[in-house]
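Take the two lone chains and join them into the complex the hints point to.
First to last, the sequence lines map onto chains D and W.
If you're matching positions, the first sequence starts at 334 in our numbering and goes up one per residue.
If you're matching positions, the second sequence starts at 65 in our numbering and goes up one per residue.
Calculated from the structure, these hints are not laboratory results.
Nothing here was measured: the structure is a model prediction, and the numbers come from that model.
Some hints here could point you the wrong way.
[Claimed, not checked] 20 Å max Cα-Cα, derived SDA-like pairs, lysine to any residue:
| no. | chain 1 | residue 1 | chain 2 | residue 2 |
| --- | --- | --- | --- | --- |
| 1 | D | K361 | W | R192 |
| 2 | W | K159 | W | H115 |
| 3 | D | K361 | W | A162 |
| 4 | D | K361 | W | D157 |
| 5 | D | K361 | W | P78 |
| 6 | W | K169 | W | V240 |
| 7 | D | K361 | W | F158 |
| 8 | W | K159 | D | A447 |
| 9 | D | K361 | W | D145 |
| 10 | D | K361 | W | R113 |
| 11 | D | K476 | D | V544 |
| 12 | W | K169 | W | A98 |
| 13 | D | K361 | W | E254 |
| 14 | D | K476 | D | N455 |
| 15 | W | K159 | W | A86 |
| 16 | D | K361 | W | T242 |
| 17 | W | K159 | D | H442 |
| 18 | D | K361 | W | R248 |
| 19 | W | K169 | W | D145 |
| 20 | D | K361 | W | Q114 |
| 21 | D | K361 | W | E117 |
| 22 | D | K361 | W | D252 |
| 23 | W | K159 | D | R444 |
| 24 | W | K159 | D | W443 |
| 25 | W | K169 | W | E96 |
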Amino acid sequence: MTAALTYSPRAHDDHPPFLYSDYRSTVKRAPTHDLIAIVQTLTETTGPGPGWSELSDDDADLTTNAGTGGEAIGQRSIITGRVLDENGRPLPDTLIEIWQANACGRYVHWRETAFPAPLDPNFLGVGQTRTNSDGEYRFVTIKPGPYPWGNHPNAWRPAHIHFSLMGPSIATRLVTQMYFPDDPLFALDPIFQSVPEHARARLIATYDHDVTIENWALGYRWDIVLRGSGVGT
Amino acid sequence: MTALRQTPSQTVGPYFTMRLSAEGENVLTSPETAGERIRIVGRVLDGSRQHIEDALIELWQADSNGRYHHPADDRADVPADPAFTGFGRCASDFKTGAYSFATVKPGPVPHPGGGMQAPHISLTIQARGMLNPTYTRIYFDDEAAANEADPVLLSVPASRRSTLIASRVGDADSSVPTYEFDIRYQGDDETVFFDV
Chain D
334 MTAALTYSPR
344 AHDDHPPFLY
354 SDYRSTVKRA
364 PTHDLIAIVQ
374 TLTETTGPGP
384 GWSELSDDDA
394 DLTTNAGTGG
404 EAIGQRSIIT
414 GRVLDENGRP
424 LPDTLIEIWQ
434 ANACGRYVHW
444 RETAFPAPLD
454 PNFLGVGQTR
464 TNSDGEYRFV
474 TIKPGPYPWG
484 NHPNAWRPAH
494 IHFSLMGPSI
504 ATRLVTQMYF
514 PDDPLFALDP
524 IFQSVPEHAR
534 ARLIATYDHD
544 VTIENWALGY
554 RWDIVLRGSG
564 VGT
Chain W
65 MTALRQTPSQ
75 TVGPYFTMRL
85 SAEGENVLTS
95 PETAGERIRI
105 VGRVLDGSRQ
115 HIEDALIELW
125 QADSNGRYHH
135 PADDRADVPA
145 DPAFTGFGRC
155 ASDFKTGAYS
165 FATVKPGPVP
175 HPGGGMQAPH
185 ISLTIQARGM
195 LNPTYTRIYF
205 DDEAAANEAD
215 PVLLSVPASR
225 RSTLIASRVG
235 DADSSVPTYE
245 FDIRYQGDDE
255 TVFFDV
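The following block holds chain W by itself, in its conformation from the complex (with noise of 0.2 Å):
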């Protein structure tokens, strides 16, 4: 039962690095954090594949051990990395739409339909020209036999998986796995965009 109606969403805007953004936001890590390091490179492009020189990408992701840092998640069986927020915000490169992340690789967390999840990431995307926040999650290539079993992966058409899949890549500037994941808007490679 619902009394109240939902405050309209409007567009972030092109000033909103005012005060959503700053920097180092997108290093999740510190020496203390467990866990594989990774960097998440990508752009977001729009439907003439320009880069978008103003998005904020918002990233929320459980720790190495699969636990988000959270009052709902409450598993006493999984230990939360006290080093570990999940949390970091990006906003894409002016000249180039790029943006990165480091993080570690999260672990597996459960579905509510019974089973575990594959490893993912979760994005939140607004920029200007979005009324609305578009959300996605990241999935790793090789993570390949988890992301065959994962759920939510399985609801999307098969020719669209491939949309939410970073893919790991040669990176020369970093001493960790790199994985890109560009955000695409419109075309028939249109990022998988989830209504949660």
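Bound conformation, chain D alone (with noise of 0.2 Å):
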């Protein structure tokens, strides 16, 4: 058999560890025994990615795409970047879903019952695209509000919106989170603060001048880097 395609290692130094007790939702949801490390077969090397993305409409204006004729209220945001591999190899063709709560910091989801903010008949705060050959992505959506949930007494999140990335194999899966520069809860939030020090910084997006449109909406730059490729020994 020929060298087969690999995958550079999960680096578990840069992400959370998977027991973080200030998250208490971790503390039972955590495997305990260790890892058991894999030689990557064709079961890790290949995914749905390549396939799955051809089954999903183009739809990345989360500020129009309730498809009720209206617009969404809020802060009118450009979220833009490129998604790359750990050689700085854009990823072409790679599909993006996201997710976020609206302006007021709720979601559209029947188990958000708590938080008695507004729904917005305009906003369903979900979208998709795929990268160009440049490995780019671009969304318009609000910036969606803070909200509150149970973790600690007076827990808020700060605002955030969730991005799932298939990427190449199923050993690049990646859900994060994007966060907005200079959020005053970062250091509130367990979950923010799972993510090593020296890391954290790569879930905030960049305020870019250069993506804000005149009269229009503000711009923000994050890139996304996924586990490399090459060719195993």
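Right under this line is the structure:
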């Protein structure tokens, strides 16, 4: 058999631990045995990314994709960036799926019952797009609001957008959250704080005045880096 | 050589079903799909053996020929089934933690060290309270000979291998073979999770 494509290891020191007790829900849901290292086989070096993306519609404007003919209320914001691998190679045709709260911090979800913030009939809070040939993506949305949660007394999540990327294989699967600059809730949020300190800045978008459109929307730039591939030895 | 650093993982949270699961995404078969139909059923359980009501389970597998629907699997001698993607998603049931997939029994796929792997399915599990995805594999209890030679199973301590093997169960509701595979976090019988 010829040398096979493999992916660089998951950089565990750059990701949160499984158990981060300040985030209480991790206490009963974190594995307690060590993970068992696997020699990557075709099972791990393939994945649904390339095929699955064909199943999705392009729908990258969350301010209008509720389909009501009306526009979502909130600070119109452009989120753009590139999806790269660790070798700096752009990853084209990569599906990105996002979900978020509305400008008041309310999700369109049946479990969201405790927070008496209004829903916006013109905002669903879901979107998807694929990266272009240079690995670039672009969403138009509204900036989500912070919202309270039950982790501890007076707990509030910083404003964030959930991002899901398949990448080229199941080894590159990434679900994460993008945050906005200078949020005063960072220091108080155990989910953000669970990321090792040296890596936290990678989750925060940068305000980019070149992305901002005059009299229309603020612009943010956020690049996403997935595990790199190479030919294994 | 790596020049950039990986973007850190964050939890999928309680609201992922807004985007990441839809009705029917746990059914991988169509009338045209080749191979033996099977069902996978199970529950996702936490360290107190309470059900995890908001887990996202993603399934990835080869088709009945053992071929992956992906450009990296370019073996010309193994035909690909055009009526099978190999991918499914299921959100666990809010009240019971149950999940299920309707799929086909995967064929064997090669191991880079030589030989064939036993038929298996990859699962990636995420949930509120999980800051990283967890990866596991489903093997089948009616493939004992293949399992005994599987290099991945053999890399797992013998005492824990049973957590990776789905059991054929009777299922009055189903006309196809049904295999049960619970996913357990913590405890002596914790499911084996892999660092892929």
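**Study point:** 20 Å limit on alpha-carbon distance, applied to hinted pair D:K361 and W:D145
**Key:** violated (40 Å)
**Study point:** Distance restraint between D:K361 and W:F158, which requires alpha-carbon spacing of 20 Å or less
**Key:** Holds, because 17 Å separates the two Cα atoms, which is no more than 20 Å.
Practice item. Take a quick look at whether D:K361 and W:D252 sit within 20 Å of each other, Cα to Cα. Key: With Cα atoms ~14 Å apart, D:K361 and W:D252 stay inside 20 Å; holds.
Practice item. Take the C-alpha atoms of D:K476 and D:N455, compute the straight-line distance between them, and say whether it is at most 20 Å. Key: Satisfied, since the Cα-Cα distance of roughly 14 Å is no more than 20 Å.
Check your understanding: Does the alpha-carbon distance linking W:K169 and W:V240 stay inside the 20 Å limit?
Key -> Distance ~11 Å between W:K169 and W:V240 Cα, so the pair holds.
Check your understanding: Holds or violated: are the alpha carbons of W:K159 and D:A447 at most 20 Å from each other?
Key -> Roughly 19 Å between the alpha carbons, so the hint for W:K159 and D:A447 holds.
Point to revise | Satisfaction of hint between W:R248 and D:K361, Cα-Cα up to 20 Å | key: holds (10 Å)
Exercise for review: Mind checking the alpha carbons of W:K159 and D:H442 for me, to see if they're no more than 20 Å apart?
Suggested key: Given pair W:K159, D:H442 holds - Cα atoms ~16 Å apart, limit 20 Å.
Review point. Going straight from one Cα to the other, do W:K169 and W:A98 come out at no more than 20 Å?
Key: holds (10 Å)
Check your understanding: Is it true that the CA of D:K361 sits at most 20 Å from the CA of W:E117?
Key -> Given pair D:K361, W:E117 holds - Cα atoms ~13 Å apart, limit 20 Å.
Practice item. Would you check the hint for D:K361 and W:R192, treating anything up to 20 Å between C-alpha atoms as holding? Key: holds (11 Å)
Review point. Is D:K476 close enough to D:V544, meaning Cα to Cα at most 20 Å?
Key: holds (15 Å)
Checked against the numbered hints listed earlier, the structure breaks hints 9 and 16; every other hint is satisfied.
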